[in-house]
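A.B. asks: What follows is each chain in one-letter form.
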Amino acid sequence: MDTFIQQIINGLVLGSIYALVALGYTMVYGILGLINFAHGEVVMIGALTALTVIKLLANSGLPGVVVVLLGLLAAIPACMALGFTIERVAYRPLRHAPRLAPLITAIGVSIVLQQLAMIFWGRSYHAFPPILPTTGRDIGGAHIMDLQIVIVLLAAAIMAGLMLLINKTRLGRAMRATAENPQIAGLMGVNINTIISATFLIGSALAAVAGVMVSANYSIAHYHMGFILGLKAFTAAVLGGIGNLPGAMLGGVLLGLIESLGAGYVGDLTGGFLGSHYQDVFAFFVLILVLVFRPSGLMGEKVSERA
Amino acid sequence: MKTDKRKALLGMVLIGVALAVLPFLVGQGLGNSWVRVLDFALLYVMLALGLNIVVGFAGLLDLGYIAFYAVGAYLYALLASPHFGIHWPAWAILPLGAMVAAFFGILLGAPVLRLRGDYLAIVTLGFGEIIRIFINNLNAPVNITNGPQGISQIDPVRILNTPLSKPLDIFGLGVPSVYLYYYLFLLLALLVVFVSIRLEDSRIGRAWVAIREDEIAAKACGIDTRNVKLLAFAMGATFGGIAGGLFAAFQEFVSPESFGLMESIMVLCMVVLGGMGHIPGVILGGLLLAILPEALRHGAVPMQQAAFGKVLLDPESLRMLLFGLALIAVMLYRPAGLWPEARRKRELARPSPQPPSRGRG
Chain A
35 MDTFIQQIIN GLVLGSIYAL VALGYTMVYG ILGLINFAHG EVVMIGALTA LTVIKLLANS
95 GLPGVVVVLL GLLAAIPACM ALGFTIERVA YRPLRHAPRL APLITAIGVS IVLQQLAMIF
155 WGRSYHAFPP ILPTTGRDIG GAHIMDLQIV IVLLAAAIMA GLMLLINKTR LGRAMRATAE
215 NPQIAGLMGV NINTIISATF LIGSALAAVA GVMVSANYSI AHYHMGFILG LKAFTAAVLG
275 GIGNLPGAML GGVLLGLIES LGAGYVGDLT GGFLGSHYQD VFAFFVLILV LVFRPSGLMG
335 EKVSERA
Chain B
300 MKTDKRKALL GMVLIGVALA VLPFLVGQGL GNSWVRVLDF ALLYVMLALG LNIVVGFAGL
360 LDLGYIAFYA VGAYLYALLA SPHFGIHWPA WAILPLGAMV AAFFGILLGA PVLRLRGDYL
420 AIVTLGFGEI IRIFINNLNA PVNITNGPQG ISQIDPVRIL NTPLSKPLDI FGLGVPSVYL
480 YYYLFLLLAL LVVFVSIRLE DSRIGRAWVA IREDEIAAKA CGIDTRNVKL LAFAMGATFG
540 GIAGGLFAAF QEFVSPESFG LMESIMVLCM VVLGGMGHIP GVILGGLLLA ILPEALRHGA
600 VPMQQAAFGK VLLDPESLRM LLFGLALIAV MLYRPAGLWP EARRKRELAR PSPQPPSRGR
660 G
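Just so you know, the protein sequences line up as chains A and B, in that order.
The opening residue of the first sequence carries number 35 in our numbering; numbering runs sequentially from there.
The opening residue of the second sequence carries number 300 in our numbering; numbering runs sequentially from there.
Worth flagging that the hints you see were computed from the coordinates, not collected in a lab.
Beta carbons are placed, not taken as given, at the ideal position from N, Cα and C, and that holds for glycine.
Careful: at least some of the hints might be erroneous.
To be verified - Under 8 Å between C-beta atoms, here's a sample of chain B residues computed to sit facing chain A:
(1) 306
(2) 406
(3) 410
(4) 422
(5) 429
(6) 436
(7) 600
(8) 602
(9) 612
(10) 614
(11) 622
(12) 634
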């Protein structure tokens, strides 16, 4: 039983991180209909930027929490600038191009960012300095770190804030209108370019937070971390129904739970035939199953057949 | 009319002669390692043409195409290596590999036919990853694929009992192995090109294009969209399976590393960069993306030494960096690809009446 609770908690932590990244994918997709393949790399840049600042300040005598917060404060603007630039350079000129063209530039941006990160930060893995308190508590035989609780609560708070922003503010209304129909929204006086830039800025800020969370939770960051994380987060977004914000959150948390429970129990279930390294198979298999039976994702609206 | 035909024939003969002497020119001028690059370029052309059927003709975005390449390669490796002690001839395995890959194509296609656009992309991507992870881990409890170490000592292709892996002695002239494989790959690549051209002009090819342009209209015209899409997956997979088998025989070694997502993306880039759905464009894309990175790798170190007096960036990362930048630049300035179809070019030249609405697939 304690393994079960432990895996649920691990899954929740992983899931909230996935959810934050998935929101970035799903917001961009909702408005532009574009898979922003470079989003995972934004997470990676956020993690490494924050880690650089944190390493610089690790021995400054400041409390660990403050240092991490400062790192986060450095990562968020860096990622926002990056996201803004990516949209301007690689996506905006291609808004009327064939659908696959922006996908290819996205892949190009992803490769370039990865290589630049490798040149700046090197090939090695960077360890997160042990400055955060490692206290925790025992619940039902499982050990939960305070850090994990903070991650889940912070992610939940950010997501609640985002929902407020989307549903209650003028900017949010403009974003929803643009997602519905860019042309009409433009006619109603919405500056579509501003809205699209805002979407990238918000998504990139979330990515920065997620990047710091990942590196703090797993105590590690490297130039190659964005790719698989982005892939998983995109899977989560599709699982929940891409373009749908609550869907991305649900998909992220579900994927996190599926992965950690799958990794924890797949060996027992198959009599040792499949080990925990089939974790990724599990995630993709569930995704395929969901899409076969609900092609628009768990919470996606039924998209009318458009040619 | 008659002179046109004669001109075309003359052109073909000239291209044929050029292709036939190319390895000798390249081998003499740049060294035999470049002939090896040519061999790989031909394999990539086959792959790109296979994916072109799925993405270019039928408009189904497939991000897991390399899985079929992996299936072909591993089938060859298992049936012609000391791993299981089975040594079938290549001529038996290659068609079998094509069939098994086609079966996997249908296996993938059947459940995902209802999905459109980007959902299809992510499911195919997941399928590709699943195949790779299974290959990577199927060494325990029963050792089937030998896991991450891969399978080595794979039998080469034999023609008339002569293995292509050893230099062939013709009138006292030793023809190295890479040249022999070049001719084999060239023949098969030409066959793939021929099949592609014939498919494009066929009833099925036109049905694929119709589905790409407007699936509902295609259905209304009486096209059995389900079977025709399945056929696209199966045909594309067939080419991938054959190329995979050849890859295994040529390398004499396969490991899961060769079949990652990056490879799928690479092949997709060849198709899109060259000009989706346009066979000469796709061939150009395949050749460029296979040869240019190698050229960058070889040119990077001497160029940096000349410019800065030392090596600032290791060639591998410089190669990828330039590759990424090239992808962005080409798409920004030629969004339809380097050598697009005439029809598509006209479509793009027209001011688009369509808004950038979502969900267009």
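A.B. asks: Tell me if the interface restraint on residue 436 of chain B is satisfied: Cβ within less than 8 Å of some Cβ in chain A.
C.D. replies: Cβ of residue 436 of chain B sits 5 Å from chain A, so the hint holds.
A.B. asks: Tell me if residue 612 of chain B is really an interface residue toward chain A, meaning its C-beta lies closer than 8 Å to one of theirs.
C.D. replies: holds, 6 Å
A.B. asks: If you take the shortest Cβ to Cβ gap from residue 622 of chain B to chain A, is it below 8 Å?
C.D. replies: holds, 6 Å
A.B. asks: Does residue 614 of chain B pass the interface check with chain A, least Cβ-Cβ distance below 8 Å?
C.D. replies: violated, 12 Å
A.B. asks: Can the hint on residue 600 of chain B be confirmed by a CB-to-CB distance to chain A that is less than 8 Å?
C.D. replies: Given a least distance of 16 Å, the restraint on residue 600 of chain B is violated.
A.B. asks: Close enough to count: is the Cβ of residue 429 of chain B nearer than 8 Å to one in chain A?
C.D. replies: holds, 5 Å
A.B. asks: If you take the shortest Cβ to Cβ gap from residue 634 of chain B to chain A, is it below 8 Å?
C.D. replies: holds, 4 Å
A.B. asks: For the hint on residue 602 of chain B, does the least C-beta distance to chain A fall short of 8 Å?
C.D. replies: Result: violated, 17 Å to nearest chain A Cβ.
A.B. asks: Against chain A, with CB atoms and a cut of 8 Å, does the hint on residue 306 of chain B hold up?
C.D. replies: Violated. Min distance 33 Å.
A.B. asks: Hint check: is the beta carbon of residue 410 of chain B less than 8 Å from a beta carbon of chain A?
C.D. replies: holds, 5 Å
A.B. asks: Does the interface hint hold: is residue 422 of chain B within less than 8 Å of chain A, judged Cβ to Cβ?
C.D. replies: holds, 5 Å
A.B. asks: For the hint on residue 406 of chain B, just tell me whether its beta-carbon gets within less than 8 Å of chain A.
C.D. replies: Violated, because the Cβ-Cβ distance from residue 406 of chain B to chain A comes to roughly 11 Å (cut-off 8 Å).
Violated hints for the displayed structure, listed by number in ascending order: 1, 2, 7, 8 and 10.
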